[in-house]
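J.: The task is simple: from the sequences and hints, build the whole structure.
Residue numbers for the sequence shown follow this note's numbering, so the first one is 8 and each next one is one higher.
Honestly, the hints are just simulated from the structure, not real lab data. Treat the hints with care, as some may be off.
[Claimed, not checked] Label-pair ranges, simulated between beta-carbon atoms:
#1 Y99 to H41: 45 to 53 Å
#2 P137 to E180: 15 to 23 Å
#3 E39 to E86: 44 to 52 Å
#4 R72 to E39: 41 to 49 Å
#5 R181 to K42: 41 to 49 Å
#6 P102 to Q210: 13 to 21 Å
[To be verified] With a straight-line Cα cutoff of 20 Å, these simulated DMTMM-like cross-link-like pairs (lysine to aspartate or glutamate) come out:
#7 K52 to E9
#8 K103 to E89
#9 K194 to D167
#10 K52 to D167
#11 K52 to E108
#12 K103 to E55
#13 K42 to E200
#14 K103 to D70
#15 K103 to E56
#16 K191 to D167
#17 K194 to E180
#18 K191 to E170
#19 K52 to E170
Built from N, CA and C at the ideal position, the CB exists for glycine as well.
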Amino acid sequence: MERSRRNAIIVAVVSGIATGCFAWGIAVRIGEFHKENPRDIYAFKRVEEPAFTFAGARVTLTDDRSMPDQPVLIVRYGEAEERLRVTVPGDYRLPKLLPHEDWMRILVFAPASRRAPEDFVNQMDAPDSPYRLVLITRTPRAGVDPKTWGAAWQRDWTFDFYEFQRQGGFSHERLRYPTTSGIKRPKEGELHENTWQYQAALQMMPKAGAVGPTRNFFGDALTAAGWLLPAAAFSGVGCTFATAFACAPRKRVGAVGASSKN
8 MERSRRNAII VAVVSGIATG CFAWGIAVRI GEFHKENPRD IYAFKRVEEP
58 AFTFAGARVT LTDDRSMPDQ PVLIVRYGEA EERLRVTVPG DYRLPKLLPH
108 EDWMRILVFA PASRRAPEDF VNQMDAPDSP YRLVLITRTP RAGVDPKTWG
158 AAWQRDWTFD FYEFQRQGGF SHERLRYPTT SGIKRPKEGE LHENTWQYQA
208 ALQMMPKAGA VGPTRNFFGD ALTAAGWLLP AAAFSGVGCT FATAFACAPR
258 KRVGAVGASS KN
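T.: As structure tokens, then:
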């Protein structure tokens with residue numbers, strides 16, 4: 008018994024040292040990964056006015072309800088124009104852009120380290136401004152009620168990004184709701200974490216904090232840990248069991264023998 012306990016102590020010490028070494032190696036690898044692949048975190052400021060100026064050009068958003076069954080939002084930026092189909096009808100009695108908040112947002116954004124978010128709208132029209140402007144729309148699955156099943160079937164959502172170019176006009180990109188998880192490579196044409204499009208789209212997702220997309224770790228810092236991560240896990244489990252065995256109370260053989268004689 009004493010020999011077994013001694014062996015357990017040796018295993019606990021060795022596996023504990025190994026776990027510490029593996030953990031240190033993981034920390035080093037993750038640190039190197041972040042140095043070589045700095046993560047871009049963007050700050051966003053919502054624009055609520057239907058008329059404003061960006062890059063010296065007038066921006067206006069007006070409703071076209073000439074066809075009640077299919078209202079349209081007309082977006083004008085200088086000489087450029089986009090006619091956007093309203094995908095989630097709202098209450099037009101609400102002020103400003105609130106009738107469209109369930110399916111459309113206009114966001115000013117920039118890397119979070121630039122300046123305070125409250126400066127966005129005030130300084131976005133400056134010639135040397137680093138801020139960008141994008142209009143985002145969310146389209147539920149066609150043929151369903153957008154406020155019931157259309158809101159529940161998130162995997163069928165598509166997002167359109169209309170970025171206002173400072174030289175004039177729009178650039179357009181369409182991406183689908185992310186469906187890959189774990190460390191799988193994201194599918195082509197889907198939102199991908201660590202992009203401004205993904206971070207902006209989160210603001211268009213109802214209850215995104217509670218029912219948001221499944222996490223995808225492809226290209227994440229955890230993948231840089233490589234084999235050290237499972238090695239640290241196994242050695243940690245081994246250390247735990249060995250420590251528990253080494254600290255287990257000893258059996259009182261004498262007491263058991265005495266009771267049997269009686």
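J.: With reference to the structure, classify each hint as holding or not holding.
T.: Do the hints match the structure? See the list:
Between Y99 and H41 the C-beta distance comes to about 47 Å, which sits within the given range of 45 to 53 Å. Between P137 and E180 the beta carbons are some 20 Å apart, a value that agrees with the proposed interval 15 to 23 Å. Taking the beta carbon of each, E39 and E86 are about 49 Å apart, inside 44 to 52 Å as hinted. Judged by the Cβ atoms, the range 41 to 49 Å given for R72 and E39 is violated: they are separated by roughly 56 Å.
One distance hint, 41 to 49 Å for the beta-carbon pair R181 and K42, is violated here, with the actual separation near 34 Å. Checked against the hint of 13 to 21 Å, the pair P102 and Q210 passes, with Cβ atoms roughly 20 Å apart. Note on K52 and E9: the hinted pairing is violated, with a Cα-Cα distance of about 67 Å set against a maximum of 20 Å. Between K103 and E89 the alpha-carbon distance is near 19 Å, which keeps this suggested pair within the 20 Å criterion.
Using a Cα cut-off of 20 Å, the hinted pair K194 and D167 holds, with the two alpha carbons roughly 17 Å apart. Of the pairs offered as hints, the one joining K52 and D167 holds, with about 18 Å between alpha carbons and a cut-off of 20 Å not exceeded. Straight-line distance between C-alpha atoms of K52 and E108 comes to about 14 Å, which keeps the hinted pair within the 20 Å bound. A threshold of 20 Å between alpha carbons decides the hint, and for K103 with E55 the separation of about 6 Å falls inside it, so the pair holds.
Between the alpha carbons of K42 and E200 the distance comes to roughly 18 Å, so the proposed pair stays at or under 20 Å and holds. This hinted pair checks out: K103 and D70 have alpha carbons roughly 11 Å apart, not beyond 20 Å. Note on K103 and E56: the hinted pairing holds, with a Cα-Cα distance of about 6 Å set against a maximum of 20 Å. Simply put, K191 and D167 have alpha-carbon atoms about 24 Å apart, too far for the 20 Å limit, and the pair is violated.
The straight-line distance between the Cα atoms of K194 and E180 is roughly 15 Å, inside the 20 Å bound, and the hint therefore holds. Annotation: proposed proximity of K191 to E170 is violated, straight-line Cα distance about 29 Å (limit 20 Å). With a C-alpha separation of about 15 Å, the suggested pair K52 and E170 falls inside the 20 Å cut-off, and the hint holds.
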